[in-house]
Amino acid sequence: MRVQELTKQYDGKTVVDGVSFAIPKGKVISLIGPNGAGKSTVMGMISRLIAHDSGLVDFEGKDIGKWKSKELSKRLAILTQSNNIQMKLTVRELVTFGRFPYGGTYAHKEIAFEFASWISVEFKLYLVKEFERLKTEEMKQLGWDIKRNLVKINYRIHTDAIKENLIPPELSAKQVSMVYASEADVLNMALFGMTAKQWRDSHPDLKGNIRDYANVSQLVCLSNLENLNAVFISEGMSQAERLTKLNAIAISQMEILTQDHRIEALEAHSEDLSPME
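Throughout, our numbering is defined as the position within the sequence shown, counted from one, plus 27.
Keep in mind that the hints are not guaranteed to be accurate.
What the hints assert, rightly or not - Computed beta-carbon distance windows for the label pairs:
1) 156 - 44: 24 to 32 Å
2) 89 - 201: 49 to 57 Å
3) 82 - 57: 16 to 24 Å
4) 236 - 85: 45 to 53 Å
5) 233 - 50: 25 to 33 Å
6) 152 - 83: 50 to 58 Å
7) 283 - 206: 25 to 33 Å
No lab work stands behind these hints, which were simulated from the structure alone.
No residue lacks a Cβ here, since even glycine has one placed at the ideal position from N, Cα and C.
Given the sequences, and given the hints that come with them, work out the whole structure.
Structure, rendered in structure tokens:
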């Protein structure tokens, strides 16, 4: 780590003025000075808990302000001195807190926030904001997984019905693919009113396909339509007849689903989600 011309002011008063030093890798150094000399402020700035007004904190060849929080937390830790620790933490809880940056459920956030309060108010505010950001990302990923898995629930039933009833054994792989695509568009037309190609032509800037942008009500309906279409195919109904019947069912089901409070709750968890990069 390299610190160059680090400065900090509070209410117009300079508390750290042009501090520079280097910490060689693998070495231990001591920062010594009287009370009020700015030692804690320097430590706060080089650990990114306190913003510096000017200067540079170079950590492993990179400005510390440009490090991603998750990556920095794997390389840097700080333990402050206090004469009166009021935290009521078990050893297990304290050790668990150390895993906070890597967890997926964030079940111990209260412990983390209490620990952060002990360090400083600024650090607690930072940690709360970081927690909310990570939680939002986690919920987006979870919502996206739910949507994608919901589409796949009846995929096997639908494709097996197509394979067993609509695809003669002599068709080429390309022809088989066209049959599957045609049947997928039967469902697309019944529910969305357009084919996959028509949707792509209308949305050239969007990634994925029409089903990736469906809401939860549409995905529930689509899952039902896949089941029903598999039954209709097995019964020998023509594609035109199936499309007419499926469209009528889709209209009826969507009217019911859009008024279901349970669906509204699912929508709330997956709103504003787009295909993950």
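Violated hints, by number in ascending order, as checked against the structure: 5, 6
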